[in-house]
Amino acid sequence: MGSLEGNEGFGCADYFLVGKDFPSYIQCQEKVDKAYRDQRKWTRMSILNTAGSSKFSSDRTIHEYAKDIWNIEAVELP
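UniProt numbering applies: residue 1 is where the sequence shown begins, and numbers increase by one.
These are calculated hints, taken from the structure and not from any lab test.
If you're wondering where the values come from, they're calculated on a predicted model, not measured in any experiment.
Ideal placement from N, C-alpha and C gives every residue a C-beta, glycine not left out.
Careful: at least some of the hints might be erroneous.
[What the hints assert, rightly or not] Pairwise CB distance ranges (calculated):
id, residue 1, residue 2, range
1, E30, P78, 44 to 52 Å
2, L77, P23, 44 to 52 Å
3, W70, C28, 21 to 29 Å
4, A13, N49, 29 to 37 Å
5, L17, S58, 46 to 54 Å
6, V75, I47, 43 to 51 Å
7, L77, D14, 28 to 36 Å
[As the list claims (entries may be wrong)] List of simulated lysine-lysine pairs, DSS-like, C-alpha gap at most 25 Å:
id, residue 1, residue 2
8, K20, K31
9, K20, K34
10, K41, K31
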(Lines of atoms letter the chains of each structure in order from A and count residues from 1; the text may use other names and numbers.)
(Lines give C-alpha, C1' and ligand atoms only; values in the text may rest on other atoms or scores of the structure.)
Protein backbone atom coordinates (compact mmCIF):
# COMPACT_ATOMS: atom_id res chain seq x y z
CA MET A 1 0.00 0.00 0.00
CA GLY A 2 2.88 2.32 0.75
CA SER A 3 4.17 2.14 -2.80
CA LEU A 4 0.71 3.02 -4.13
CA GLU A 5 0.63 6.07 -1.89
CA GLY A 6 4.12 7.13 -2.98
CA ASN A 7 5.79 6.50 0.37
CA GLU A 8 7.87 3.49 -0.70
CA GLY A 9 9.47 2.02 -3.79
CA PHE A 10 10.01 4.51 -6.61
CA GLY A 11 8.70 7.43 -4.56
CA CYS A 12 5.73 8.34 -6.74
CA ALA A 13 2.21 7.12 -6.24
CA ASP A 14 1.14 4.09 -8.27
CA TYR A 15 4.26 4.13 -10.46
CA PHE A 16 3.17 0.93 -12.28
CA LEU A 17 -0.48 2.07 -12.58
CA VAL A 18 -1.74 -0.87 -10.54
CA GLY A 19 -4.95 0.99 -9.70
CA LYS A 20 -5.85 1.46 -13.36
CA ASP A 21 -6.67 -2.22 -13.83
CA PHE A 22 -7.93 -2.91 -10.32
CA PRO A 23 -11.67 -3.09 -11.18
CA SER A 24 -11.06 -5.66 -13.92
CA TYR A 25 -8.75 -7.55 -11.55
CA ILE A 26 -11.55 -7.78 -8.99
CA GLN A 27 -13.99 -9.00 -11.66
CA CYS A 28 -11.58 -11.68 -12.80
CA GLN A 29 -10.82 -12.72 -9.22
CA GLU A 30 -14.55 -13.22 -8.61
CA LYS A 31 -14.63 -15.62 -11.58
CA VAL A 32 -11.60 -17.46 -10.20
CA ASP A 33 -13.24 -17.73 -6.77
CA LYS A 34 -16.42 -19.12 -8.33
CA ALA A 35 -14.51 -21.68 -10.41
CA TYR A 36 -12.46 -22.76 -7.40
CA ARG A 37 -15.60 -23.52 -5.39
CA ASP A 38 -16.49 -26.14 -8.02
CA GLN A 39 -13.62 -28.55 -7.32
CA ARG A 40 -14.47 -30.84 -10.24
CA LYS A 41 -14.35 -27.90 -12.66
CA TRP A 42 -11.21 -26.48 -11.05
CA THR A 43 -9.41 -29.83 -11.29
CA ARG A 44 -10.37 -30.22 -14.94
CA MET A 45 -9.23 -26.66 -15.73
CA SER A 46 -5.94 -27.25 -13.90
CA ILE A 47 -5.21 -30.47 -15.78
CA LEU A 48 -6.05 -28.94 -19.15
CA ASN A 49 -3.93 -25.89 -18.37
CA THR A 50 -0.96 -28.04 -17.40
CA ALA A 51 -1.36 -30.28 -20.45
CA GLY A 52 -1.59 -27.27 -22.74
CA SER A 53 1.50 -25.55 -21.37
CA SER A 54 4.08 -28.06 -22.57
CA LYS A 55 4.98 -25.96 -25.62
CA PHE A 56 5.88 -23.05 -23.33
CA SER A 57 7.63 -25.01 -20.58
CA SER A 58 10.81 -23.68 -19.04
CA ASP A 59 12.60 -26.94 -19.89
CA ARG A 60 11.93 -26.38 -23.60
CA THR A 61 13.02 -22.76 -23.35
CA ILE A 62 16.27 -23.61 -21.58
CA HIS A 63 16.97 -26.39 -24.09
CA GLU A 64 16.44 -23.98 -27.00
CA TYR A 65 18.67 -21.31 -25.41
CA ALA A 66 21.40 -23.88 -24.83
CA LYS A 67 21.23 -25.14 -28.41
CA ASP A 68 20.46 -21.99 -30.41
CA ILE A 69 21.98 -19.15 -28.40
CA TRP A 70 24.69 -20.52 -26.13
CA ASN A 71 25.76 -23.31 -28.53
CA ILE A 72 26.24 -25.83 -25.72
CA GLU A 73 25.15 -29.43 -25.39
CA ALA A 74 23.25 -31.01 -22.53
CA VAL A 75 25.26 -33.00 -19.97
CA GLU A 76 24.02 -36.48 -19.14
CA LEU A 77 23.68 -36.92 -15.39
CA PRO A 78 24.39 -40.33 -13.81
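- [ ] Measure nothing beyond the straight line between the CA atoms of K20 and K34; if it is 25 Å or shorter, mark the hint as holding.
- [x] 24 Å, holds
TODO: Take a quick look at whether K20 and K31 sit within 25 Å of each other, Cα to Cα.
DONE: 19 Å, holds
Task: Distance restraint evaluation - W70, C28, Cβ atoms, bounds 21 to 29 Å - done: 38 Å, violated
Task: Outcome for the supplied range 29 to 37 Å, where the beta carbon pair is A13 and N49 - done: Because 35 Å falls inside the window, the suggested range holds.
Task: C-beta pair V75, I47: status relative to the range 43 to 51 Å that was hinted - done: 32 Å, violated
TODO: Using the beta carbons of L17 and S58, state whether their distance is inside 46 to 54 Å or not.
DONE: With a Cβ separation near 28 Å, L17 and S58 fall outside 46 to 54 Å, so the hint is violated.
TODO: Please test the hint of 28 to 36 Å on the beta carbon pair from L77 and D14.
DONE: Given about 47 Å between the Cβ atoms, the range is violated.
Open item on the list: The hint says 44 to 52 Å between L77 and P23; measuring C-beta to C-beta, is that right?
Closed with: 49 Å, holds
Task: P78 and E30 - C-beta distance against the hinted 44 to 52 Å - done: For P78 against E30, whose Cβ atoms are near 50 Å apart, the range 44 to 52 Å holds.
Task: Restraint check for K41 with K31, where alpha carbons must lie at most 25 Å apart - done: Within the cut-off at roughly 12 Å; holds.
Figure legend: structure checked against the earlier numbered hints; hints not met, in rising order: 3, 5, 6, 7.
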